[in-house]
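Undergrad: This is what each chain is made of:
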Amino acid sequence: MRGLIPKSDIKMIILKNNIEKLSKNLSELNEVKGRSLWHDARVRFFKNKAAVISVILLSAILIFSFIGPIFSQWTNEEIDWGVLGDISTLGYPSIDSGHYFGTDELGRDLYSRVIQGTKISLMVGFVGALIAVFVGTLYGSIAGYFGGRIDSIMMRLVDILMSIPYMFVLILLLVIFGRSIFMLFIGIGLISWLDMARIVRGQTLSIRKKEFIEAAIATGVGNFTIIIRHIIPNLLGVVAVYATLLVPGMILAESFISFLGLGVQEPNTSWGALISEGAGTMRYGTIWQLLFPLFFFVVSLFSFYFIGDGLRDALDPKDI
Amino acid sequence: MFKFILKRISIAIPTILILIVFSFLLMHSAPGGPFTSERPLPDEVLKNINAKYGLDKPMYVQMFNYVWGIVTNFDFGPSFRYKDRSVNDIIAQGFPVTLKYGSWAFIFAVSFGISLGIIAAIRQNTIIDYIAVGFSISAQVLPNFVMAPILVLIFTLYLGWLPGGGWEGGQIQFVIMPVIALSTSYMASIARLTRSSMLEVLNSNFIRTAKAKGLSKIKIILFHALKPTLLPVISYLGPAFVGMITGSVVIDMYFSTGGIGLHFVRGALNRDYSTIMGITILIGCLTVTFNLLVDILYAWVDPKIRY
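Protein chains in written order, with numbering that gives the first Met the number 0: chain A, 0 to 319; chain B, 0 to 306.
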């Protein structure tokens, strides 16, 4: 019995007025509101300070990328001819000139460029993770559910794909089919699901043996209905955790490619491209061109990792 | 053991073949031939060039020749961009450089990562532990392309201690920053893995027995705890190796070290298909071989593993 009551509840019961409340509830036969698994997880998540701060920071960055353009006085493509040629002394960050983050090497407003880069980087991160979640979950749960030969063939394929140096193949893809954000999504999506598929398959293997699946099979539910209605909902916790950890991975991959100049194309930009530009020009005394994009990059990645850790602790997939 | 190794090799070889065939097909599906340019060549010239490079033969013959050349001679064919050089020349030029700082980075990451992790685990919840954990968390968001500019900013621009790029035959001052930039995030991951694994091992029963026997702390850690601690670290070596090879592209670009990554990106920028294919396949072979070695090492350290 003791294991069924969470520690925090025991503490609450011990408090005196809670005992009174409890007795009152019992005597009046009030209905006790149940707490779902997700509610418990939410409570645990919000107790994790690092994760909560990360959620706030990340939301701030997200909101900034949407309402930031309202305050900008320059668009991301406009060139400020007044500072061009003498960026290191005139292009520094200032409120007066309207370049809050300074300008880049071509006299473009860095504030607008950072906003645009933030949008694209976050989009790549989320879309990449979304593809991985869809494909990986479906693939992994099918392999795990059917087991046997289907499983070993499907997983062998994952093993083979995993041992390919994917960044090189991705760049090969980008070169051959032209560099565009769409191609980048396809390329990143092609590889990102592998880890997810492995994790999901492992979980499915253990869920498959549970009684409710047996019951579903006994009542004649079709295989795919079982996977979609019974197995996938039970995987959501694990999937949520790894999806959060996938987003920074996707952002890193995109930034890596953009840093090499093989990713997004001008006038579009991303954190990796901005960091690359800033890193290339910092020796001319324009350090802000590196620091502003770097700040957004580092803060967001940190936040994603901490949220992922917080979610993992809250949902505790180790227990499953 | 022999059977196990044979089984792993039987997976490794198809992997490499699939990679070669896949990149070959990719190259063929590219729009336009390698010699289509803005100023179209006369038909006769194009025909002759195609004949010289064997592009006039049917596709399966070309594919067979390509695969056969790699398997028998490790010959990746001519570069489509530099008429006087073959892909092998390019690789021979760049690979030693990458190998040099890459292997230093790998050794650096593994040795420092493991030591840091062990020290942090032994001194759990002391200031050393907090510093180690703090370092490994912050290094996670400092991939090589972020570390490289930061290092140059500090050591070249402000302190002026190290040159900001170049190779000069691999003198020590040119190697330091590439090695640090390449290894930091992997060192951090290895330290984190070692720390948590060591903590788990130190709490297990056989360590308590060793303590009860009165063994000294150093003996316990070196002879009893170290081997099981290293198991998860060994399985991380494969991904770390791949990551470092990939990261060498950034290092080559940023520090102008002239390694294989530089040729890869150059090839990617001027659509030198045969070069980027050659490098991709070479890296693929290296990766697969390295993973094979790691698997064998793993099975040797932990006899329970058989799959």
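Simulated from the structure, these hints should not be mistaken for laboratory data. Careful: at least some of the hints might be erroneous.
[Unchecked claim] Covered by chain B, according to a simulated footprint, are these stretches of chain A (three or more residues, beta-carbon under 8 Å):
hint, stretch
1, 115-123
2, 166-176
3, 281-290
Don't be surprised by glycine CBs; every beta carbon is placed ideally from N, CA and C.
Undergrad: State for each hint whether it applies.
TA: Each hint tested on the structure:
1. Coverage of a stretch by a chain is defined here by at least three residues with a beta carbon nearer than 8 Å to that chain's beta carbons; for the stretch 115-123 of chain A and chain B the count is 0, and the condition is violated.
2. Check on the stretch 166-176 of chain A: 10 of its residues sit with their Cβ under 8 Å from a Cβ of chain B, so the three-residue criterion for coverage holds.
3. Against chain B, the stretch 281-290 of chain A contributes 4 residues with a C-beta closer than 8 Å to a partner C-beta. That satisfies the three-residue criterion, and the hint holds.
Checked against the numbered hints above, the structure violates only hint 1.
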